[in-house]
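Going line by line, the protein sequences match chains C and G. full-length UniProt numbering applies: residue 1 is where the first sequence begins, and numbers increase by one. full-length UniProt numbering applies: residue 1 is where the second sequence begins, and numbers increase by one.
Everything hinted at is true.
Given that identical chains are not distinguished, each listed pair holds provided it fits within a single copy or across any two copies.
Pairs of lysine to any residue residues, derived as SDA-like cross-links and limited to a Cα-Cα distance of at most 25 Å, are as follows: (1) 266 with 109; (2) 50 with 40; (3) 266 with 110; (4) 266 with 112.
Note that these hints are calculated values from the structure, not bench results.
2 protein chains.
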Amino acid sequence: MSDLSRLSLNQKTTNRWSLPEAIDGCVRAGLSSIGVWREPLAEIGLDTAKRLIDDAGLRVSSLCRGGFLTATDNSEFDAAIADNIEAIKEAAALGTTCLVMVVGGLPEGSRDLPGARARVSDGIARLAPVAGDHGVQLALEPMHPIFTADRGVLATLGEALDIAEQYPAEQVGVVVDSFHVWWDPQLESQVARAAGRISSFQVCDWITPLPADSLLSRGMMGDGHIDFRHHLDLVTAAGYTGDIEVEIFNADVWAADPDQVLATMKQRYLDVVVGV
Amino acid sequence: MSDLSRLSLNQKTTNRWSLPEAIDGCVRAGLSSIGVWREPLAEIGLDTAKRLIDDAGLRVSSLCRGGFLTATDNSEFDAAIADNIEAIKEAAALGTTCLVMVVGGLPEGSRDLPGARARVSDGIARLAPVAGDHGVQLALEPMHPIFTADRGVLATLGEALDIAEQYPAEQVGVVVDSFHVWWDPQLESQVARAAGRISSFQVCDWITPLPADSLLSRGMMGDGHIDFRHHLDLVTAAGYTGDIEVEIFNADVWAADPDQVLATMKQRYLDVVVGV
Chain C
1 MSDLSRLSLN QKTTNRWSLP EAIDGCVRAG LSSIGVWREP LAEIGLDTAK RLIDDAGLRV
61 SSLCRGGFLT ATDNSEFDAA IADNIEAIKE AAALGTTCLV MVVGGLPEGS RDLPGARARV
121 SDGIARLAPV AGDHGVQLAL EPMHPIFTAD RGVLATLGEA LDIAEQYPAE QVGVVVDSFH
181 VWWDPQLESQ VARAAGRISS FQVCDWITPL PADSLLSRGM MGDGHIDFRH HLDLVTAAGY
241 TGDIEVEIFN ADVWAADPDQ VLATMKQRYL DVVVGV
Chain G
1 MSDLSRLSLN QKTTNRWSLP EAIDGCVRAG LSSIGVWREP LAEIGLDTAK RLIDDAGLRV
61 SSLCRGGFLT ATDNSEFDAA IADNIEAIKE AAALGTTCLV MVVGGLPEGS RDLPGARARV
121 SDGIARLAPV AGDHGVQLAL EPMHPIFTAD RGVLATLGEA LDIAEQYPAE QVGVVVDSFH
181 VWWDPQLESQ VARAAGRISS FQVCDWITPL PADSLLSRGM MGDGHIDFRH HLDLVTAAGY
241 TGDIEVEIFN ADVWAADPDQ VLATMKQRYL DVVVGV
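Whole structure, please, built from the sequences with the hints as guidance.
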């Protein structure tokens, strides 16, 4: 059997599974790590989740997700900070250093993109030392510009690094998610620049025609246009040796038998991500 | 009546009109320029089009479009070069200096994005002197990363300028299209860098939720998230004084009465593009 030791299932890929079901599914598939989402975590509670994950012998590759730091209303912004501090504590309790940060889109009715980006920067300033105190790294996730308006105003790895580099690497890093960054003409130089700050490497494909619901537009590796092996070479050259997490938002993948999805995911991982 | 002298109708906004109908529509609406597409131009022929446009007293703000320079097959690539030379001649005959270049996506089955970008660069090298000989500027259009795979591998203004700056400004410029560039964290610095090379300033809005057909995802100015006045300030600071072209691909806009679309377009132009 080829080496699957770095392959991690991000829970979102098997969206209909509860966290206990996803843990069992990872064990059946011979995987050793899982990326956990906070909503299914809350359904069973942190202590139960921790016990199940430990009993299964799994690592937690990341916790998804903190962020949403663009509110203009002060009390909303403060509530977001408080929620992120909870997320930091959950990540620490689960034994992962990686808290994925989806920073949030433009507030309702706002067209002030530079202002939204400035608030993200302010929020990270408040959260970075808290993360450091808990041994957690805030993993800033630049998102594909298809999501700039409504999900994540950080659009490029360079922009995420501009913020991250203001803090010690153990406090603030970045996510390199192939889907979000594959189009970037500065990809090569910015991944190199990210050396020492890559919190997570995630993979899923850009498929065309784009599905009707843009949120569910991600495809299984190999079904689209991304050269994953090139991306793996880039993060490897930047010193990244951590987990490779598969996170797929896609209605067809979600409708399929989750065990079959894991089987396909393993094969594609071997064929087009780590394969030569 | 407020000043509409810089407002141009890109034909695509009234997609169901033939070129003669669009010319008449512009005259009824009191506009003084039009952005012409090659397909409707071919329907009536260059000489007829030129006569109708001149008789109407209109300027041609741009010809759309050249490009599609990413083919890996040599004969296909050569055919694209030949077609672009025809487009350059058509632009010159219509009296516009601006030939909009949609550079093309990844070839079928290819995942070699750097390779596709290199072919675009090779194609521009062959076309730039020809454009210069005809008094036409190749207007490289960076496209929103939603289109990197299937339409335009140039994703940022910075990347377009990296190519353009290898040539005299009168041969190669760039298009600043709000829809395509609004998300870019380097927008301000790259528009400033583009001073002297802005061939065209186009406007249409980024709307959410994104329509199901991503090709038709552009909205009327004011219906979405873009701060057009900020964009106008940026291109103005970079010395641009040319036409402001409205190019909207949207099923609802295309289904509406075109005269009504022009009326709305004029009002929105005054309210949210040049308005304070």
